[in-house]
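Line order of the protein sequences matches chains Z and R. Yeah, the first sequence ends on 287 if you go by the working numbering, and it's all consecutive. Yeah, the second sequence ends on 587 if you go by the working numbering, and it's all consecutive.
Computed Cβ-Cβ distance ranges for the label pairs, DEER-style:
| # | chain 1 | residue 1 | chain 2 | residue 2 | range |
| --- | --- | --- | --- | --- | --- |
| 1 | R | HIS339 | Z | LEU256 | 33 to 41 angstroms |
| 2 | Z | ARG169 | R | SER534 | 49 to 57 angstroms |
| 3 | Z | LEU5 | R | ARG539 | 55 to 63 angstroms |
Don't read these hints as lab results, they were simulated from the structure. Cβ atoms here follow ideal geometry from the backbone N, Cα and C, with glycine treated the same way.
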Amino acid sequence: MEYLLQSILNGILAGCIYALFAMGLTLIYGVLNFVNFAHGELIMWGAYFLYLLMEKPIGLPLFLAFIPALLFTTILGLGTDHFIFRPLRQANRLTLLIASLGLSFLLRNGAQFFWGAEIRTYGFEIRRGMRFWGVSITSNQVAIIIVSVVCVALLYLLFYKSRLGKSMRAVSDSLELSRVVGINSKKTIRFTWVIASILAGLGGILLALDTNLQPGMGLINLVKAFAATLLGGVGNLWGALLGGMVIGLVENLGVLVISPGYKDAIAFGIMILMLLLRPMVLLGSKE
Amino acid sequence: MDLFLHLCIMILIYIIFALSLNLELGYTGLFNFGHVAFFGMGAYASALFTLHHVPFELALLISLAIAGGGGFLLSLPSLRLRGDYFGIATLGFGEIIRIIFQNEVWLTKGPMGLPGISKPTLFSYRFTTLPQYFILALVFSILSFFILRMVIRSPFGRVLRAIREDEIATEALGKNVFRFRVKSFVTGSILAGLAGALWGHYTTFISPSDFTLSETILVLLIVVLGGKGTEWGPVLGAILLIFFQESLRFLRLPAEYTRYLAPLQQMIFGTLLILLMIFRPEGILREKGKTKNVGIETGQ
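Same shape as in the complex, but just chain R:
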């Protein structure tokens, strides 16, 4: 039962993380390959503030603001770039944030990581046991899901999709494309920060090595496998992939093989991404109104 609850909590957290990337990648057409940076910022900020006895409610708000602010600052220079350059710029940014976590030892304890992050207390109710944390994660993921659904179905969301389909035409209709992209990017960063904060308080230990490119790849795979630009795609992708990843972790393997397990799992993820792109780039769930061979042409 504990195992099952653990699995559910991880899936819920990754659903939030994947939904935030889906807003950027799926709906706005932003190739964010450094999304883990905001996940990490949220995790570190919330952990550090609560470790310094700031109440969880406040710490969470501050960490969301930090993730959002970081997203805003990054988006100003990098959103001027065409699609693939934006991809590399964000990829580099993700690495830089990790280097900062590693080097600012006075703040983050560097590679040693931060142990003993407290379980959250919301309005004097402590979420310590697994079922309690499950409820907390469930509430936040449902909230994120419906907020994002509202955003996507609003006129604002329609403009985002229009930008993805044809940037110049949207500009011609009098929309400030740059500003819409920044808003989408910042919203995505805030939600990624939320996922990161929830994750940090759940595992109670974070270190720079938790926020590498592998996390970005995992969340990218979740979105792409499930179906980018769909409401339920990231949910489906998160259930499938997190189930696969976490169940591998509980395989009873002899000690000498465990060294091979992590790279092997990552190799499978990489291969899955490639095969998906070649054979079914739209993912399991297909976006409504899209037929098979019509790709999204963005940033051209």
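Chain Z extracted, bound-state conformation:
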């Protein structure tokens, strides 16, 4: 019973992180109408930027380092848009996809170039978690939940209570029409990248705090984020949140049944299942 409760808690924690990834991915998809394969690399670089700032020679403490780390991630996200995706706005889908795949590869190997392929951590001592009803939770994990809830609340306010959120929704409905009514689409697109990058960077940092860092962490989480967006309906922000939670829970409950070596395969299994069960929803939800 305690084992089950612990698995559910772990599932919620993983779900929070996946939800942050999936919401960023789906935001970019909604506004620019393509799947950014390099989103996973924003996650990974977010975590590595923090590593860079916390290690020697800089050696900032965590609470000081995470803001510049997020800032760097945002600059990276905006930079990729400015130099790669902006010139390709009018290009066809395949071109965009291959460019983003190439970018993802470039960024992943860039991290490997600087830090090597080995697994790293932020070097915190492993502390005993607090125990409630036989379930253990560390302070980092409490932070995961708090940060995710705050992010979702802020996103809600932004999306539905602010002018900028309104224009983001308009641009994602139709780029041309939103231009016609005088929305500054360039500014809106830039702003979307800022939010998606911050979500990715935060998620990456939280994930790395809870587990570890390695250059491959982006790709595998991209697949999970994508599975989550499929589950929730592509382009749907709250669907992505829900989908992320479901993926996290199923993964962590699934390892009770199957070999942990296949934990990363579960998200893919869910994805295939979704495609088989409700292909129409996935095919035409935006049109």
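Here the structure of chain Z is known, so what remains is to put chain R in place on it, guided by the hints.
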């Protein structure tokens, strides 16, 4: 001379691999980003069967069937998806296959890999030396090239290109788009399996880390650089890129720099892909009948 033959064999194997992706990506407009999965399936299946003393001819046929069957099973759910979702689904599939190679230790020896794969024997003729293997690879790549050319120039190939250009119009002409796509995907998977099997028997050692996304990126770059949707594009791309990659391997670098070499090479590949997409998305060779700014709009 040995170096040159090694280079030629690698190029020939990658030509087969690239031709198979070109059928899917270039002619049918399928964004297969997990093509390495079928390469790996072919390599593992052929290696495992010959290691269990199945004759090479039979092992090769079985491995092609496994790669093709895998392609068929994947295509049924994933080909229902629009272009970019199909891309992610295949990308995920590629990773899953690698995870399977890594975890099914009883079968694949997991991360340890499979050593001692025998050189092939075809009709009691053993292809052991480099020149012999070169001839084998040459025969298979020429065969693949002409089979694919026949397929592409046939009415079947015309339908594939029609699907790539306009799915709805092709459907309206009474063609079952889904079925044509499945056929194209399965054919591509079988040929990728062939390339994988040839590669496995050539290097005589395979492990899960040989079948990562980097392989997919490499073959994608070969097709895109050479010119997707052209007969000679993948051949040209394979010659250029494999020459570049393999010659880097023989650079005499001090040991402390070799750690940087692999990521650096991959970074160059990634950058090349991005630059190509921005400045010349059609590749070096341009498909006939396509003018500069007319892109292919698929899956919309």
